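Keeping their order, the protein sequence lines are chains H and L. Numbering that gives the first Met the number 0 numbers the first residue of the first sequence as 0 and each following residue consecutively. Numbering that gives the first Met the number 0 numbers the first residue of the second sequence as 0 and each following residue consecutively.
I should point out that these hints are in silico values taken from the structure, not numbers from a laboratory. Here the structure is a predicted model, which means the values were calculated and not measured. The reader is advised that the hints may include incorrect statements.
Mimicking DSSO-like on lysine-lysine, the simulated pairs with C-alpha atoms at most 30 Å apart in a straight line are [claimed, not checked]:
| id | chain 1 | residue 1 | chain 2 | residue 2 |
| --- | --- | --- | --- | --- |
| 1 | H | K120 | H | K200 |
| 2 | H | K318 | H | K414 |
| 3 | H | K303 | H | K103 |
| 4 | L | K45 | L | K94 |
| 5 | H | K120 | H | K318 |
| 6 | L | K259 | H | K397 |
| 7 | H | K248 | H | K120 |
| 8 | H | K397 | L | K84 |
| 9 | L | K240 | L | K203 |
| 10 | H | K318 | H | K332 |
| 11 | L | K355 | H | K400 |
| 12 | L | K327 | H | K284 |
| 13 | L | K45 | L | K6 |
| 14 | H | K303 | H | K219 |
| 15 | L | K227 | L | K45 |
| 16 | L | K327 | H | K400 |
| 17 | H | K400 | L | K255 |
| 18 | H | K106 | H | K129 |
| 19 | H | K312 | H | K234 |
| 20 | L | K355 | L | K266 |
| 21 | H | K248 | H | K312 |
| 22 | L | K255 | H | K397 |
| 23 | L | K355 | H | K397 |
| 24 | H | K234 | H | K219 |
| 25 | H | K318 | H | K303 |
| 26 | H | K400 | L | K259 |
| 27 | H | K284 | H | K237 |
Derived list of chain L stretches under chain H, where covered just means 3 residues or more per stretch with a C-beta under 8 Å from a C-beta of chain H [to be verified]:
| id | region |
| --- | --- |
| 28 | 145 to 157 |
| 29 | 178 to 192 |
| 30 | 360 to 370 |
Positions of the beta carbon are idealized from the N, C-alpha and C atoms, including for glycine.
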Amino acid sequence: MGPERPNSENSELTRLCRDCGLALNGPAACPSCGGRRHITHPELGGLSIAHVDCDAFFCSVEKRDNPALKHKPVVVGGGQRGVVAAACYKARLYGIHSAMPMFKAYKACPGLVVIRGDHSKYSREGRRIKNIMRDLTPLVESLSIDEAFLDLTGTERLHGRSPAQSLIALQNRVLEEVGVTVSIGLSYNKFLAKTASDLDKPYGFALLGRADALDFLAAKPVEFIYGIGPSFARKLNKQGIMTINDVRKRSDREMAQQFGDLGLHLARLARAEDNRRVTPQSERKSISAETTFDQDIADVQLLKDRLWQVCVKASDHAKRLDMAGRVVTLKLKTKQFETLTRRRTLMEPAQLADRLFRSLEPLLEAEANGRKFRLIGAGFSSLSAHSYDGGGDLLDPKAAKRGQAERASDEVRAKFGHSAVVTGRELRRYHVKKEKKELE
Amino acid sequence: MIDDAMKISIERSDLIKALGHVQNVVERRTTIPILSNVMLQADGDKVTFVATDLDIEVQESTAGMTEQPGTVTAPAHLLYDIVRKLPDGAQISLKIGDDQRLNIDAGRSHFTLPLLPAGDFPKMTADGFTHNFVLSAADLSRLIDKTRFAISTEETRYYLNGIYVHAHDGALRAVATDGHRLALAELDLPNGASGLPGIIIPRKTVAEIRRLIDGGDSDVSLSISDAKIQFHYGSAVLTSKLIDGTFPDYERVIPKNNEKELVIDNKVFANAVDRVATISAEKSRSVKLSLTQDTLELAVNNPEHGNAHEQLMVDYSAEPLEIGFNAKYLLDVTGQIGGRDATLYLDGPAAPALVKDADDPATLFVLMPLRV
Numbered sequence: 000m001g002p003e004r005p006n007s008e009n010s011e012l013t014r015l016c017r018d019c020g021l022a023l024n025g026p027a028a029c030p031s032c033g034g035r036r037h038i039t040h041p042e043l044g045g046l047s048i049a050h051v052d053c054d055a056f057f058c059s060v061e062k063r064d065n066p067a068l069k070h071k072p073v074v075v076g077g078g079q080r081g082v083v084a085a086a087c088y089k090a091r092l093y094g095i096h097s098a099m100p101m102f103k104a105y106k107a108c109p110g111l112v113v114i115r116g117d118h119s120k121y122s123r124e125g126r127r128i129k130n131i132m133r134d135l136t137p138l139v140e141s142l143s144i145d146e147a148f149l150d151l152t153g154t155e156r157l158h159g160r161s162p163a164q165s166l167i168a169l170q171n172r173v174l175e176e177v178g179v180t181v182s183i184g185l186s187y188n189k190f191l192a193k194t195a196s197d198l199d200k201p202y203g204f205a206l207l208g209r210a211d212a213l214d215f216l217a218a219k220p221v222e223f224i225y226g227i228g229p230s231f232a233r234k235l236n237k238q239g240i241m242t243i244n245d246v247r248k249r250s251d252r253e254m255a256q257q258f259g260d261l262g263l264h265l266a267r268l269a270r271a272e273d274n275r276r277v278t279p280q281s282e283r284k285s286i287s288a289e290t291t292f293d294q295d296i297a298d299v300q301l302l303k304d305r306l307w308q309v310c311v312k313a314s315d316h317a318k319r320l321d322m323a324g325r326v327v328t329l330k331l332k333t334k335q336f337e338t339l340t341r342r343r344t345l346m347e348p349a350q351l352a353d354r355l356f357r358s359l360e361p362l363l364e365a366e367a368n369g370r371k372f373r374l375i376g377a378g379f380s381s382l383s384a385h386s387y388d389g390g391g392d393l394l395d396p397k398a399a400k401r402g403q404a405e406r407a408s409d410e411v412r413a414k415f416g417h418s419a420v421v422t423g424r425e426l427r428r429y430h431v432k433k434e435k436k437e438l439e
Numbered sequence: 000m001i002d003d004a005m006k007i008s009i010e011r012s013d014l015i016k017a018l019g020h021v022q023n024v025v026e027r028r029t030t031i032p033i034l035s036n037v038m039l040q041a042d043g044d045k046v047t048f049v050a051t052d053l054d055i056e057v058q059e060s061t062a063g064m065t066e067q068p069g070t071v072t073a074p075a076h077l078l079y080d081i082v083r084k085l086p087d088g089a090q091i092s093l094k095i096g097d098d099q100r101l102n103i104d105a106g107r108s109h110f111t112l113p114l115l116p117a118g119d120f121p122k123m124t125a126d127g128f129t130h131n132f133v134l135s136a137a138d139l140s141r142l143i144d145k146t147r148f149a150i151s152t153e154e155t156r157y158y159l160n161g162i163y164v165h166a167h168d169g170a171l172r173a174v175a176t177d178g179h180r181l182a183l184a185e186l187d188l189p190n191g192a193s194g195l196p197g198i199i200i201p202r203k204t205v206a207e208i209r210r211l212i213d214g215g216d217s218d219v220s221l222s223i224s225d226a227k228i229q230f231h232y233g234s235a236v237l238t239s240k241l242i243d244g245t246f247p248d249y250e251r252v253i254p255k256n257n258e259k260e261l262v263i264d265n266k267v268f269a270n271a272v273d274r275v276a277t278i279s280a281e282k283s284r285s286v287k288l289s290l291t292q293d294t295l296e297l298a299v300n301n302p303e304h305g306n307a308h309e310q311l312m313v314d315y316s317a318e319p320l321e322i323g324f325n326a327k328y329l330l331d332v333t334g335q336i337g338g339r340d341a342t343l344y345l346d347g348p349a350a351p352a353l354v355k356d357a358d359d360p361a362t363l364f365v366l367m368p369l370r371v
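Required output: the full structure, derived from the provided sequences and hints.
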């Protein structure tokens, strides 16, 4: 099942009812549901790679749960210093977008409703949507909590309808059962499907066919391509490559020589070629947690307190997944938004917060040279199933005892809640919080 | 400004030996151009070569005919590679040409290399030595070989990135550890070394001095200050910075009360470990040792690659025990045991094991087990 295999069975299908997915012959209203919105495309029956993306997902879930918010500008995100994780369409009218620093969002829209966000709720709802997708095809490749690629090639017989019709049904079912809208891009490869899903948001349905993809892309700037960030775009622009058409004027060899693998990849995408398959359940590669500070921190002790916090978070996640990682990573973002990552390979896979913290502590000490940081993160990668708390260190004979203590605390917490056992480091943080409150 | 003169003639074998000794310290990639160069000093019938990476400086002199004395620096690796490829027995002429380049001539071969002024070449200061003593090349090699495999490569614990050497109880003791294993070797304390405070000799220095004295039988003079160490060996002088850090209190790591004693034929054991480890998981390389009365069973269970078992007859009379080790670490240790038998002193499955060479009371090894 190659992703580009055309679907000949439905090649005569060119018009559908946007609301119920019925195949139509002419521009008249749908005889089944009376809908007047149609989808027409010469290749409608022949496209089967889809990208499904929830619309302002976190906000949509919050608005669903609190109808009073329905017409208000809402963002999900954190604190004075965090960033916007998701912005509803109303908020976007004020120029607010995800990854925007929170203070800017406040400035742009004084009446903004900010919700801290409940990630466990979002991932639960995200899973429900993925399950609805899997009713259509086993080839569902999750990209994140709220988006996925679907390969619907060969599902016509199974469902008795074309991929496009199945996707309209999916859109309706998600709205009905989960209460949020999704946008769909349908094409013949992943790159174009992903591109298409952005064209008609929210609650959209867009197609890019073999005949129109090339023309559609030609005049677009290079950063239109998903994965081409501002810095790579600048590099391209410097070489006179402004549009996708400019990329096509260069040979693959030129692109590869000047820009490496990414250049070659870009050359192919510019011709709308993308052979990547839709691969379900792409394996989890890392487990990590990070936090953005309310105020930049330079002090190494304070940084360590925050490191401990994210280590506990990452470790908790690893424990829930029953996984351990052999590589541990420290992430720091400087005041100037420069991101540093430092990693270490351990002798044996680790899952405990104590081991994560102690492995990263010296890496942090090496970086904390008076610079101010705005974010710290910790994570495991090179994952395997967790088996035991190894990692004996001759020079740290107390490690085993601390490991047992952490496991014991986890058990207590599982029964009585997270604050049933609190480490000194966390306590220090609580004190800081309390003092701050008292000052206010 | 490059010296406008210098012309020497030198035999290939002398040149390659001297360059071979110094060029290795030159880093392949360096941001300071002159550090890629070797300095040549021609004076009378002696040519001196100096190379440095700012932490280590190696200097070697060799016989050569100086027609024009002078000092210059040229790319070390290129020069070495050229000389290496010239025919054996060739007489090589090195001179600064009119083009301000180093002209290398041997027979029909002619090379020119760019030069950098010798005045910019960094010089390492070497003074304030408080301890001076002499070791035979064989003794120094032994101290290094028995311990260097346990040197840590983890940069975050920089104080473990070398061999810790100090005077201890009438002995000169060398220790290295990476937290997973520890190796210790000692010698009778040489004259001049008494009261030697602990110094940490960096890994690269250890490798360089070991290369320099390899196979040799003369004496090495060592001079030590609180920040530097200098070795004199034949016509070579190696000066190195020491690691500025505190080596952990390694003695508390050496098990004192491990009472389960296992005596094994070291070679037979090493071969068996090597065989079963063939299928061990690349990441952990763990081998399980199951001990019962006079029997040792080695086992590797790898869910991906299958299982391996091997049984050995051993001397063991304590209660049964199962303990796991990293196969590579076991092989590193068995590789340093010169006698026929190795003795392992064990306690429990999570407690460090002490390994001794039955024929060499002046060495010991500690291994941290893996849980299996």
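task: Please work out if K45 of chain L and K6 of chain L have their alpha carbons no farther apart than 30 Å.
output: Since the Cα atoms of K45 of chain L and K6 of chain L sit roughly 12 Å apart, the hinted pair holds (cutoff 30 Å).
Hint consistency between K397 of chain H and K84 of chain L [alpha-carbon to alpha-carbon, up to 30 Å]: It is violated: about 56 Å lies between the C-alpha atoms, which goes past 30 Å.
message: Check the hint pairing K240 of chain L with K203 of chain L against an upper bound of 30 Å on the C-alpha distance.
response: Holds - the C-alpha atoms of K203 of chain L and K240 of chain L are around 11 Å apart, at most 30 Å.
query: Under the criterion that the straight-line Cα-Cα distance not exceed 30 Å, is the pair K45 of chain L, K94 of chain L satisfied?
result: Cα-Cα ~15 Å, so holds.
query: Does K255 of chain L pair with K397 of chain H here, judged by a C-alpha cut-off of 30 Å?
result: Holds, because 17 Å separates the two Cα atoms, which is no more than 30 Å.
task: With a C-beta cutoff of 8 Å, work out whether three or more residues of the region 145 to 157 of chain L approach chain H closely enough for the coverage to hold.
output: With 3 residues in contact (Cβ-Cβ under 8 Å with chain H), the coverage given for the region 145 to 157 of chain L holds.
field: Hint consistency between K234 of chain H and K219 of chain H [alpha-carbon to alpha-carbon, up to 30 Å]
entry: holds, 17 Å
- prompt: Given the hint that K227 of chain L pairs with K45 of chain L, does the C-alpha gap stay at or below 30 Å?
  reply: Since the Cα atoms of K227 of chain L and K45 of chain L sit roughly 27 Å apart, the hinted pair holds (cutoff 30 Å).
query: Given the proposed pairing of K318 of chain H with K414 of chain H, does the C-alpha separation stay at or below 30 Å?
result: Holds - the C-alpha atoms of K414 of chain H and K318 of chain H are around 16 Å apart, at most 30 Å.
field: Agreement of K120 of chain H and K318 of chain H with the hint, judged by alpha carbon distance not exceeding 30 Å
entry: holds, 19 Å
field: Straight-line alpha-carbon gap K355 of chain L to K400 of chain H, limit 30 Å
entry: Measuring from Cα to Cα gives roughly 28 Å; hence the hint holds.
task: Would you check the hint for K312 of chain H and K234 of chain H, treating anything up to 30 Å between C-alpha atoms as holding?
output: violated, 37 Å
Checked against the numbered hints given earlier, the structure breaks hints 7, 8, 14, 18, 19, 21 and 27 and satisfies all the rest.
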